[in-house]
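Student: Take a look at the letters that make up each chain.
2 protein chains.
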Amino acid sequence: MFSALEGILVLDLTRVLAGPFCTMQLADLGARVIKIETPRQGDDARAYGPFLNGESIYFASLNRNKESLVLDLKSEAGRQIFLRLVELADILVENFRPGTMDNLGLGYSRLRDLNNRLIYAACSGFGQTGPYRHKPAYDVIVQAMGGVMSLTGQPGGEPTRVGASIGDITAGLYTTIGILAALRACDRTGLGQLVDVGMMDCQVAILENAIARFEATGEVPRGIGNRHPSITPFTSVKARDADLVVAAGNDALWRKLCQATGRQDLEKDPRFSTNEQRTQNAEVLGRILGEVFASRTRAEWLSVLEGAGVPSGPINTVADIMSDPQVEARQMIVEVDLPAAGPVRLAGSPLKLSGHPSQDSRPSPSLGQHTRPILRDLLGLSDVEIDRLAEKGVIG
Amino acid sequence: MFSALEGILVLDLTRVLAGPFCTMQLADLGARVIKIETPRQGDDARAYGPFLNGESIYFASLNRNKESLVLDLKSEAGRQIFLRLVELADILVENFRPGTMDNLGLGYSRLRDLNNRLIYAACSGFGQTGPYRHKPAYDVIVQAMGGVMSLTGQPGGEPTRVGASIGDITAGLYTTIGILAALRACDRTGLGQLVDVGMMDCQVAILENAIARFEATGEVPRGIGNRHPSITPFTSVKARDADLVVAAGNDALWRKLCQATGRQDLEKDPRFSTNEQRTQNAEVLGRILGEVFASRTRAEWLSVLEGAGVPSGPINTVADIMSDPQVEARQMIVEVDLPAAGPVRLAGSPLKLSGHPSQDSRPSPSLGQHTRPILRDLLGLSDVEIDRLAEKGVIG
Chain A
1 MFSALEGILV
11 LDLTRVLAGP
21 FCTMQLADLG
31 ARVIKIETPR
41 QGDDARAYGP
51 FLNGESIYFA
61 SLNRNKESLV
71 LDLKSEAGRQ
81 IFLRLVELAD
91 ILVENFRPGT
101 MDNLGLGYSR
111 LRDLNNRLIY
121 AACSGFGQTG
131 PYRHKPAYDV
141 IVQAMGGVMS
151 LTGQPGGEPT
161 RVGASIGDIT
171 AGLYTTIGIL
181 AALRACDRTG
191 LGQLVDVGMM
201 DCQVAILENA
211 IARFEATGEV
221 PRGIGNRHPS
231 ITPFTSVKAR
241 DADLVVAAGN
251 DALWRKLCQA
261 TGRQDLEKDP
271 RFSTNEQRTQ
281 NAEVLGRILG
291 EVFASRTRAE
301 WLSVLEGAGV
311 PSGPINTVAD
321 IMSDPQVEAR
331 QMIVEVDLPA
341 AGPVRLAGSP
351 LKLSGHPSQD
361 SRPSPSLGQH
371 TRPILRDLLG
381 LSDVEIDRLA
391 EKGVIG
Chain B
397 MFSALEGILV
407 LDLTRVLAGP
417 FCTMQLADLG
427 ARVIKIETPR
437 QGDDARAYGP
447 FLNGESIYFA
457 SLNRNKESLV
467 LDLKSEAGRQ
477 IFLRLVELAD
487 ILVENFRPGT
497 MDNLGLGYSR
507 LRDLNNRLIY
517 AACSGFGQTG
527 PYRHKPAYDV
537 IVQAMGGVMS
547 LTGQPGGEPT
557 RVGASIGDIT
567 AGLYTTIGIL
577 AALRACDRTG
587 LGQLVDVGMM
597 DCQVAILENA
607 IARFEATGEV
617 PRGIGNRHPS
627 ITPFTSVKAR
637 DADLVVAAGN
647 DALWRKLCQA
657 TGRQDLEKDP
667 RFSTNEQRTQ
677 NAEVLGRILG
687 EVFASRTRAE
697 WLSVLEGAGV
707 PSGPINTVAD
717 IMSDPQVEAR
727 QMIVEVDLPA
737 AGPVRLAGSP
747 LKLSGHPSQD
757 SRPSPSLGQH
767 TRPILRDLLG
777 LSDVEIDRLA
787 EKGVIG
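From first to last, the protein sequence lines stand for chains A and B. At position 230 of the first sequence (counting the first as 1) the number is 230 in the working numbering, and the numbers step up by one without a gap. At position 127 of the second sequence (counting the first as 1) the number is 523 in the working numbering, and the numbers step up by one without a gap.
There's no promise every hint is true.
Partner residues aside, some chain A positions facing chain B, computed with beta carbon under 7 Å [claimed, not checked]:
| # | residue |
| --- | --- |
| 1 | L52 |
| 2 | L73 |
| 3 | V86 |
| 4 | L104 |
| 5 | L106 |
| 6 | G130 |
| 7 | Y132 |
| 8 | R161 |
| 9 | T217 |
| 10 | P311 |
| 11 | T317 |
| 12 | A329 |
Just so you know, these hints were derived from the structure itself, not from any lab. All values derive from a computational prediction rather than experimental measurement. All C-beta atoms, glycine included, are put in the ideal place defined by N, C-alpha and C.
Given only the sequences and the hints, what does the whole structure look like? Please build it.
Tutor: Encoded structure:
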């Protein structure tokens with residue numbers, strides 16, 4: 001067995017979420033990821049709650065399978081060590097604001113002169129170009145400016161933030177894609193390149209259907225609750241005891257739904273005969289389905305709908321997911337044993353590759369946990385040299 | 397200039413959203429993507445609105461830069477042509493329910509015997525294994541079962557569907573990552589592999605922070621409106637005329653926010669002295685900030701906050717995004733000229749690679765637009781042979 005990215009060395013200067021989410025994918029795929037952290041504090045996310053025995057679980061969830069090297073890039077000695085690592089690296093990932101690496105004297109053009117195979121990935125709020133490039137961003141800023149909040153929420157209600165940090169996460173995924181594509185190009189041409197991903201750009205990309213609707217109709221898309229803007233019924237409904245979701249993505253499924261609920265009369269109702277008409281009459285259809293589903297429990301309906309082949313499911317909480325048999329079968333919850341917090345269950349990787357060994361996840365590193373072995377084994381520094389750098393505070 | 401995936405041939409059997417979103421990334425990166433469609437209807441999404449002059453803009457938004465080959469895989473002659481294409485291909489992507497390709501006699505093990513370098517990517521609702529593997533899924537089903545709906549919404553309100561189809565889109569992005577990692581492995585080992593991505597798995601992966609919170613605290617995460625569960629203030633606020641978002645991700649930004657709003661008194665208020673205390677007192681702080689922000693317009697506040705270096709921004713609609721100067725500078729809206737609909741503006745690609753030529757997007761193909769050139773140029777079929785296949789309805 002061969003890890004997909006075996007032999008790839010990644011220098012990881014990222015902090016908080018978007019960048020670390022990217023380098024976690026690379027680490028999960030078998031790359032060696034060296035997380036370069038500032039002395040004393042390290043990644044800001046080490047200070048983000050929730051904590052268990054003083055250890056950040058926020059951080060643990062984003063940094064498995066990585067090594068930690070503490071290096072002061074503001075010192076000349078630290079920069080010299082960094083440049084020696086750049087010579088050996090395949091990939092560098094950073095999520096500073098544009099200009100930060102240049103100000104350290106470590107911008108892309110300098111690093112490329114040292115190693116022209118280097119893939120330099122920069123993930124920032126708004127990208128390396130354009131009028132907003134120097135603006136600071138966090139997840140909620142790009143969820144707002146990128147439009148997804150304007151599409152999420154109840155009809156007539158407030159624009160709503162998505163409860164997962166998709167502003168960061170989609171940027172992390174796109175950065176990973178850009179890096180792997182550049183790696184392929186490098187294998188062919190021998191040359192690295194700059195991968196420039198902006199979080200707001202990624203939000204615009206995921207709006208694709210809303211942009212298409214706006215372009216086709218001129219109507220500004222808004223939050224419409226849980227239904228789909230152009231497929232009906234495709235929404236949540238209330239059973240007697242709890243909500244469930246039902247998706248009849250085509251006419252055949254609609255007919256199955258009518259039969260399964262004992263409402264064959266709806267099949268013949270001209271208001272609901274095509275998907276377009278069902279969508280136009282979504283409100284009245286919603287009221288009718290509300291009455292239908294109120295008559296039985298969620299478990300009863302899920303059983304009926306599954307038997308009829310109508311796509312349906314419960315609205316799970318995180319607690320439900322932690323004990324879901326499919327989640328377990330897919331190993332989507334992994335346990336890592338953290339130094340202070342002890343064993344903790346975290347989200348696993350959805351990348352299931354037949355040729356890739358499924359391996360236990362190594363826990364996120366403590367700050368500077370791998371500083372000495374990295375300097376010794378990769379750069380050949382002696383213990384005396386390492387001690388001297390440590391005394392000066394260049395490493396930690 | 398060299399497209400990152402130049403020379404890569406992708407057979408694309410995907411329909412609707414998750415799979416086509418994946419193959420659009422591959423096409424944007426320069427791979428040759430041959431979309432294999434069923435005779436007459438083709439991809440289901442060709443029948444999904446909105447339409448312009450009878451042409452689906454839903455489909456156009458997901459299928460740029462691809463070629464369309466109409467091939468009946470239920471006929472023996474169609475399967476033979478398909479198998480000859482498999483011998484030439486680097487990558488195959490499908491998003492059928494598990495078992496569909498096996499039932500056609502075209503399962504992974506057979507295709508691998510023909511071409512052991514083939515990367516076979518299967519993107520399905522629940523993955524190729526586990527008790528739910530045969531269940532049908534759509535975006536709303538995995539948004540519900542995968543937990544993100546339970547985290548999205550107003551406090552005490554309904555679980556809320558995310559207004560973009562992130563159930564499909566995150567699966568499309570993860571499938572792309574799996575394929576590109578497998579391509580790297582193939583370049584090293586000469587062997588392809590099976591990439592198995594489940595939409596629900598991807599939803600669990602993006603919950604990562606919510607799972608960490610549940611694990612650390614035992615509390616089941618719920619929708620809490622627009623604020624962040626562990627960073628405060630990091631939310632939307634109401635100016636006199638419109639909402640905006642503000643994110644003070646650390647104590648220094650909090651102090652800047654107090655100063656910019658003329659509320660230095662809040663800096664010294666013990667209820668708000670650390671992020672943890674601000675989060676514990678998020679409700680009262682929200683009321684205070686509500687009064688502060690109500691006094692001026694959004695434009696005034698954005699100008700003040702930008703001057704003070706406090707991350708902030710408007711909550712944009714799709715209409716706002718279409719004319720945003722940063723979106724324009726980043727070329728995140730591209731125009732394609734569709735055969736029936738004419739010129740239409742759609743979301744572009746956030747993958748900005750310095751070594752990759754920025755090229756005009758080719759519009760989504762009409763059904764079977766490239767059938768003849770593909771069969772002639774890739775497989776060497778004569779016009780007579782092609783005519784005979786067309787007469788039999790094997791191709792279109």
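Student: Would you mind marking each hint as holding or not holding in the structure?
Tutor: Verification of the supplied hints:
1. Residue-level restraint check for L52(A) holds (minimum Cβ-Cβ distance to chain B is 5 Å; threshold 7 Å).
2. With a cut of 7 Å, the hint placing L73(A) at the interface with chain B is violated, because the nearest CB-to-CB distance is about 20 Å.
3. With a cut of 7 Å, the hint placing V86(A) at the interface with chain B is violated, because the nearest CB-to-CB distance is about 17 Å.
4. Proximity of L104(A) to chain B is violated relative to the hint, the smallest CB-CB distance being about 20 Å (cut-off 7 Å).
5. The restraint placing L106(A) at the interface with chain B is violated, with a minimum CB-CB distance near 17 Å, outside the 7 Å limit.
6. A distance limit of 7 Å between C-beta atoms decides the matter here; for G130(A) the minimum to chain B is near 3 Å, and the interface restraint holds.
7. Nearest Cβ of chain B to the Cβ of Y132(A): about 4 Å, under the 7 Å cut. The hint holds.
8. Nearest Cβ of chain B to the Cβ of R161(A): about 4 Å, under the 7 Å cut. The hint holds.
9. About 6 Å separates the beta-carbon of T217(A) from the nearest beta-carbon of chain B, less than 7 Å, and the hint is met.
10. At its closest, the beta carbon of P311(A) sits 4 Å from a beta carbon of chain B; the interface hint therefore holds under the 7 Å criterion.
11. The closest approach between the C-beta of T317(A) and any C-beta of chain B is roughly 5 Å, which is under the 7 Å cut-off, so the hint is satisfied.
12. Taking 7 Å as the C-beta contact cut-off toward chain B, the hint placing A329(A) at the interface holds, the least distance being around 3 Å.
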